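From first to last, the protein sequence lines are chains A and B.
Position one of the first sequence corresponds to residue 1 (the numbering used here), numbered consecutively onward.
Position one of the second sequence corresponds to residue 246 (the numbering used here), numbered consecutively onward.
Just so you know, the hints here were simulated from the structure itself, not pulled from any lab data.
Note that the structure is a prediction, hence the values are computed from the model and not measured.
Keep in mind that a hint or two might mislead.
[Unchecked claim] Quick list of simulated restraints, FRET-style, between CB atoms: (1) A:H172 - B:A369: 22 to 30 Å; (2) A:G160 - B:W366: 56 to 64 Å; (3) A:E122 - B:N325: 18 to 26 Å; (4) A:T62 - B:P454: 49 to 57 Å.
Beta carbons: idealized from backbone N, C-alpha and C, even for Gly.
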Amino acid sequence: MKRRLFIASAVSTLAGCGPVSAALNQNQGVARVLASAEGLNHALIGTRGLAREYGERDVAPTFRVNGFATPSDQRYVQMVRGNFAAYRLVVDGAVESPQAFTLAQLRRLPQRTQITRHDCVEGWSVIGKWSGVPLAAVLAAAQPRGDARFVVFRCMDNDGAGNLYYESLDLHQARHPQTLLAMRLNDAPLDPDHGAPVRLRVPTQLGYKSAKWIARIEVVGSFADVYGGHGGYWEDQGYEWYAGI
Amino acid sequence: MKGAVRPAIYRYALLTRVSHWAWFVAFLILVGSGLQIFNASPNLDASDQSDPARRVLAIGSPAEGVGTTTIFGRTFVTTNWLGWTGDGMGSRGEHAFGASITIPGYQDLAGGRRWHLFFAWIAAACWLAWLVSSAVKGNLRELVLRPGDVPKLWPMQAYYLKLRKAAPPHGVYNPLQKAAYTTVLFVIAPLVVLTGLALSPGIDAIANPLTVLLGGRQFARLWHFAGMLLLLMFFAIHTFQVLTQGVVNQMRSMISGWYQP
Numbered sequence: 001m002k003r004r005l006f007i008a009s010a011v012s013t014l015a016g017c018g019p020v021s022a023a024l025n026q027n028q029g030v031a032r033v034l035a036s037a038e039g040l041n042h043a044l045i046g047t048r049g050l051a052r053e054y055g056e057r058d059v060a061p062t063f064r065v066n067g068f069a070t071p072s073d074q075r076y077v078q079m080v081r082g083n084f085a086a087y088r089l090v091v092d093g094a095v096e097s098p099q100a101f102t103l104a105q106l107r108r109l110p111q112r113t114q115i116t117r118h119d120c121v122e123g124w125s126v127i128g129k130w131s132g133v134p135l136a137a138v139l140a141a142a143q144p145r146g147d148a149r150f151v152v153f154r155c156m157d158n159d160g161a162g163n164l165y166y167e168s169l170d171l172h173q174a175r176h177p178q179t180l181l182a183m184r185l186n187d188a189p190l191d192p193d194h195g196a197p198v199r200l201r202v203p204t205q206l207g208y209k210s211a212k213w214i215a216r217i218e219v220v221g222s223f224a225d226v227y228g229g230h231g232g233y234w235e236d237q238g239y240e241w242y243a244g245i
Numbered sequence: 246m247k248g249a250v251r252p253a254i255y256r257y258a259l260l261t262r263v264s265h266w267a268w269f270v271a272f273l274i275l276v277g278s279g280l281q282i283f284n285a286s287p288n289l290d291a292s293d294q295s296d297p298a299r300r301v302l303a304i305g306s307p308a309e310g311v312g313t314t315t316i317f318g319r320t321f322v323t324t325n326w327l328g329w330t331g332d333g334m335g336s337r338g339e340h341a342f343g344a345s346i347t348i349p350g351y352q353d354l355a356g357g358r359r360w361h362l363f364f365a366w367i368a369a370a371c372w373l374a375w376l377v378s379s380a381v382k383g384n385l386r387e388l389v390l391r392p393g394d395v396p397k398l399w400p401m402q403a404y405y406l407k408l409r410k411a412a413p414p415h416g417v418y419n420p421l422q423k424a425a426y427t428t429v430l431f432v433i434a435p436l437v438v439l440t441g442l443a444l445s446p447g448i449d450a451i452a453n454p455l456t457v458l459l460g461g462r463q464f465a466r467l468w469h470f471a472g473m474l475l476l477l478m479f480f481a482i483h484t485f486q487v488l489t490q491g492v493v494n495q496m497r498s499m500i501s502g503w504y505q506p
């Protein structure tokens, strides 16, 4: 009896895991239980620590493009044609002093250069040299209000189905010294594939948090009303909001 | 008539049995979901950042209907096994490991990560609970390999190979069992945990020396995969031994705790 039970359970676990795990995977209750690990990981790892900064010789010859390539969105195509002269980085929402930075204004803010590793959720890694403005400096200019908790990044690409890419960070991660609004990669202005003219770099989390083609930074108390409500394009498709692991 | 049946002995405490079976389930889920995660980037490099020049393993599909596996630069055609496999929805495609052995049973990186990161906690918690309880009860002494056991390893193996009539004297576990359990529980399992942690950019920011010690992030991914293969090997041998050495008695003892010597 026990032997049969054992063999049956072993066979169903090994050979039948496809259909069984598929059904379990699509169950909302199961997904919620499994996702509880995210809160634990966030609490334990958090946004402490500084990502390792490398030397010039560690920089990869070509920085592999993560996520989508150059957006085909009409607004973006026109902006590339005009060499981003029309670009404004809007910072608004729960702030005392909304801002609209030109690229020249962003370049006049204190700059930071860091050579860090990009870790993609898919598993690969690549090291690049990034320069730009720490997000903290841009937020300081806009002065988040007391009810501000998160920063939502709205981007200039869509996935072809009309969904704009977006991401979000909590204020702690947003003010992390290595959280950068990058404008240069490997000593050259960002190209469209890598997120021109301004992209995020969050080296302490997985690559999908580092949103490209940022048009607007919105400071909010909650992101529950933004698109799918999970705080990001990939998060709305089941990926963790806390991508430190 | 033979002598009276020897009395059964209570061999496994409840916590040992519960953690054993929880580990069994968690291990299979971690392997399946780990293969799902591997499929998203089916290469292993002995380096920090991805580096094709230091590629140890690459599973891919160079052409429609063809799967290949490249190990240390040598390529083998593995169509239908690796590289070109079932997608779990009735057809085949470019997936390193087939959907029949991944969790979930179709391509879903986000889902695989959810299963993996949850059951990693279950497996680690079971290991820790078992370790603390065994240490408190003093049972670890019977299980852990000691320097005095080392000279008995070969005689025990010789006995198994029928080169020797009697097993060397030993306690509850023989020297080979001690060596196997000590290696799995105190070397490979912690290595798998540490190499998994080193893959996390958040933990890397807190404990970069760990990643450096392992040879970098991609190298940690390689160690993590190798640790999984070693645990699978142990699992196969362990299952073979249970099946060939009185499976009913063995199973009963790990379910009810009572073993018939």
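Each hint, compared with the structure:
For the hinted restraint 22 to 30 Å between H172 of chain A and A369 of chain B, the CB-CB distance of approximately 26 Å keeps it satisfied. The beta-carbon spacing between G160 of chain A and W366 of chain B, approximately 37 Å, falls outside the hinted interval of 56 to 64 Å. Taking 18 to 26 Å as the suggested C-beta distance range, the pair E122 of chain A and N325 of chain B conforms, at roughly 24 Å. Separation of T62 of chain A from P454 of chain B is about 29 Å and departs from the stated range, judged on CB atoms against 49 to 57 Å.
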